[in-house]
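**Student:** Each chain is listed here by its residues.
There are 2 protein chains.
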Amino acid sequence: MTIKDIARLSRYSVSTVSRALNDHPDINQDTKKKILKIARDNNFVPNSNAIRLKAFEENSVVIIVKGEFNLFFSSLIEHLQFYIEKSGFRGFTNYIHTSENEIQTAIRVCAEQKPKGIVFLGGDIENFRKDFERINIPCVLCTAISLELDYPNLSCISADDLAGGAMAIKFLLEKGHRNIGIIGGDISTECSCQLRYEGCLKGFEEYGLSFDTDLYEYSSFDFNDSYNSVKRLIKRHPEITAIFSMSDVMAIGASTALMDMGYSVPEDISVIGFDGIEISKFFKPKITTFIQPQDKIAKKSIELLTSMINGKKPARVLLQTKLIERESVVEHMEVSNVSVQF
Amino acid sequence: MTIKDIARLSRYSVSTVSRALNDHPDINQDTKKKILKIARDNNFVPNSNAIRLKAFEENSVVIIVKGEFNLFFSSLIEHLQFYIEKSGFRGFTNYIHTSENEIQTAIRVCAEQKPKGIVFLGGDIENFRKDFERINIPCVLCTAISLELDYPNLSCISADDLAGGAMAIKFLLEKGHRNIGIIGGDISTECSCQLRYEGCLKGFEEYGLSFDTDLYEYSSFDFNDSYNSVKRLIKRHPEITAIFSMSDVMAIGASTALMDMGYSVPEDISVIGFDGIEISKFFKPKITTFIQPQDKIAKKSIELLTSMINGKKPARVLLQTKLIERESVVEHMEVSNVSVQF
Numbered sequence: 001m002t003i004k005d006i007a008r009l010s011r012y013s014v015s016t017v018s019r020a021l022n023d024h025p026d027i028n029q030d031t032k033k034k035i036l037k038i039a040r041d042n043n044f045v046p047n048s049n050a051i052r053l054k055a056f057e058e059n060s061v062v063i064i065v066k067g068e069f070n071l072f073f074s075s076l077i078e079h080l081q082f083y084i085e086k087s088g089f090r091g092f093t094n095y096i097h098t099s100e101n102e103i104q105t106a107i108r109v110c111a112e113q114k115p116k117g118i119v120f121l122g123g124d125i126e127n128f129r130k131d132f133e134r135i136n137i138p139c140v141l142c143t144a145i146s147l148e149l150d151y152p153n154l155s156c157i158s159a160d161d162l163a164g165g166a167m168a169i170k171f172l173l174e175k176g177h178r179n180i181g182i183i184g185g186d187i188s189t190e191c192s193c194q195l196r197y198e199g200c201l202k203g204f205e206e207y208g209l210s211f212d213t214d215l216y217e218y219s220s221f222d223f224n225d226s227y228n229s230v231k232r233l234i235k236r237h238p239e240i241t242a243i244f245s246m247s248d249v250m251a252i253g254a255s256t257a258l259m260d261m262g263y264s265v266p267e268d269i270s271v272i273g274f275d276g277i278e279i280s281k282f283f284k285p286k287i288t289t290f291i292q293p294q295d296k297i298a299k300k301s302i303e304l305l306t307s308m309i310n311g312k313k314p315a316r317v318l319l320q321t322k323l324i325e326r327e328s329v330v331e332h333m334e335v336s337n338v339s340v341q342f
Numbered sequence: 001m002t003i004k005d006i007a008r009l010s011r012y013s014v015s016t017v018s019r020a021l022n023d024h025p026d027i028n029q030d031t032k033k034k035i036l037k038i039a040r041d042n043n044f045v046p047n048s049n050a051i052r053l054k055a056f057e058e059n060s061v062v063i064i065v066k067g068e069f070n071l072f073f074s075s076l077i078e079h080l081q082f083y084i085e086k087s088g089f090r091g092f093t094n095y096i097h098t099s100e101n102e103i104q105t106a107i108r109v110c111a112e113q114k115p116k117g118i119v120f121l122g123g124d125i126e127n128f129r130k131d132f133e134r135i136n137i138p139c140v141l142c143t144a145i146s147l148e149l150d151y152p153n154l155s156c157i158s159a160d161d162l163a164g165g166a167m168a169i170k171f172l173l174e175k176g177h178r179n180i181g182i183i184g185g186d187i188s189t190e191c192s193c194q195l196r197y198e199g200c201l202k203g204f205e206e207y208g209l210s211f212d213t214d215l216y217e218y219s220s221f222d223f224n225d226s227y228n229s230v231k232r233l234i235k236r237h238p239e240i241t242a243i244f245s246m247s248d249v250m251a252i253g254a255s256t257a258l259m260d261m262g263y264s265v266p267e268d269i270s271v272i273g274f275d276g277i278e279i280s281k282f283f284k285p286k287i288t289t290f291i292q293p294q295d296k297i298a299k300k301s302i303e304l305l306t307s308m309i310n311g312k313k314p315a316r317v318l319l320q321t322k323l324i325e326r327e328s329v330v331e332h333m334e335v336s337n338v339s340v341q342f
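Top line first, the protein sequences correspond to chains A and B.
Here the working numbering is used: position 151 in the first sequence is 151, and no number is missing along the way.
Here the working numbering is used: position 68 in the second sequence is 68, and no number is missing along the way.
Each hint should be verified, as a subset may be incorrect.
Note: identical chains are not told apart, hence a pair may lie in one copy or across any two.
Said to hold, decoys possible - Below 25 Å or equal to it, Euclidean Cα-Cα: the simulated SDA-like pairs (lysine to any residue) are: (1) LYS284 x ASP225; (2) LYS116 x ASN28; (3) LYS37 x GLU100; (4) LYS284 x ARG40.
Simulated from the structure, these hints should not be mistaken for lab results.
Chain A on its own, in the form it takes in the complex:
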């Protein structure tokens, strides 16, 4: 496979192909992208380091994933990769630990790899606020939105966590539950959990009720952690008849703990989740949950990224979640303490 073959296959002249492969400024961007795609699809190996480096840089989009293993993210990454490849880029995924700084990682990635764009998954809005200005390539912050993050090269996309939290609580209230517990992540910093929590408070307010914060129990997005978290919560508050879990993983961990404690789910205690990951359908009882439109989030993320790469302005996109009623929530029946006299 030579440069002439690429020219023939792409129907461009050898000099155009050469300009494309050498990242010459005097070339139409769409033309270049087409030529590079053909070169890539045919395993064309350019014969100089400089060309190779350019071709590599031309094409890469990096996903930086922060945090522990997370079923929602794992599946979202797959969708993101799909749309990255579909847009003619090569996707690389970089996993970093919760303790690491995603902006520092991005700076290093930019210096070493010079990607065309970065998608951040997870991440600490505080870190973005402090240091994001040091990054000057198009970026998308996925599953988090902050109005304070106002940069010409940063788009944000997220499910509407505030509305989702409110809907979850209102759904349980409408089913007659009044003793509602919540398990979720850290609500002390600006993140999706904080927004879902604020939504919950709004949900109670709309019913003229208030939420006793002692009914909130922290859990990470982890089966084991949520398993232990709900045990603590129920020991403190045995009057609970329904639990909102801020992720499906937590809802599954919580349901398993409740069943291990001898409760029936949902007959004794209803459980509602959030995310709509696949496993929530393959659990008994099947988890009633709010679906985040995963495919749409991934597709729109890459659309936002490519449009910024092509010189367009950034945007903030909020997507609605959708309630899916399955088996894990039932109506609460008031059992009155009537003493029967014979």
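Please arrange chain B on chain A, whose structure you already have, making use of the hints.
**Tutor:** Then chain B, alone, in the frame of chain A:
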């Protein structure tokens, strides 16, 4: 952060640091690795493309993951990334579809990115047999072993699928089950499912029994597929009292289907899985399964890779699986059809 800072932090001379950053041949490899790690940890940005490219190449190990989203792989990738970083390399993950050729992808990655090594996860042994010789950097084929793959730059590592399959069947037979169904992947090509299946046949043989192949039902490694697969199997063979599922995901999909059909698991039908993924503990009933030593597989994979990078010979490593008894298998009680006369 300058080259002098790196020299101070690493306690090597400026000229040694310079040689390390410039990939000069006249330097001890361990020294170079240490210096590059310090440079990376301190976000040192070399000021020329050549150095940048060298630093990038020096450091990268690529994981090529083939196949659909798979909970066992997702978690294994996390472990692999951890050990790659711990060895002083940067890990990149490349996802490709089942229909793509992993060797072609590897050739492209080698040409563009010049990684130090590649870890293949999933993959078709047939493709390796045909084209692997075109790859000349150290590689590890993870979770598959074939004696026919005899290359100086390819190590293989896998759980002992043959022994695992045999143990699963013997475990069910010892519990008194005689009508045993199996759901699993494609057993017509050389892969872990074929080995597990052969193990199953051996297990029956050791008990002087043979397996009726009509009790085997195909499923991909997917909740939904296994859900439907087990429904077909039980319709055809309502006499089944126990099912061996070749993955935990399949065991969960199967159990959910059985419960949706009105069976109790394990009281009516026992289910045993394979893999030992985390979710298998957070399902009711908790899945009895064979644990693949995920952390050990990841650790050993990277050890094999780095030892080949340092000029050592390749190896084949087989790791044993371990039975974990939980809740999804019970003893089969023979119910005799005695007509009672008064």
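**Student:** Between copies, within a copy, both or neither: which fits LYS116 and ASN28 at Cα up to 25 Å?
**Tutor:** within (17 Å within a copy, 35 Å between copies)
**Student:** Reference check for the pair LYS284 and ASP225, CA-CA at most 25 Å: within, between, both, or neither?
**Tutor:** both (20 Å within a copy, 17 Å between copies)
**Student:** At most 25 Å between C-alpha atoms: does LYS284 with ARG40 qualify within a copy, between copies, both, or neither?
**Tutor:** Answer is neither; intra-copy 46 Å and inter-copy 47 Å both fail.
**Student:** From the Cα coordinates, with 25 Å as the cut-off, is the pair LYS37 and GLU100 best called within, between, both, or neither?
**Tutor:** Close across copies (16 Å), not inside one copy (34 Å); limit 25 Å.
The structure is inconsistent with hint 4 alone, although it conforms to all the rest.
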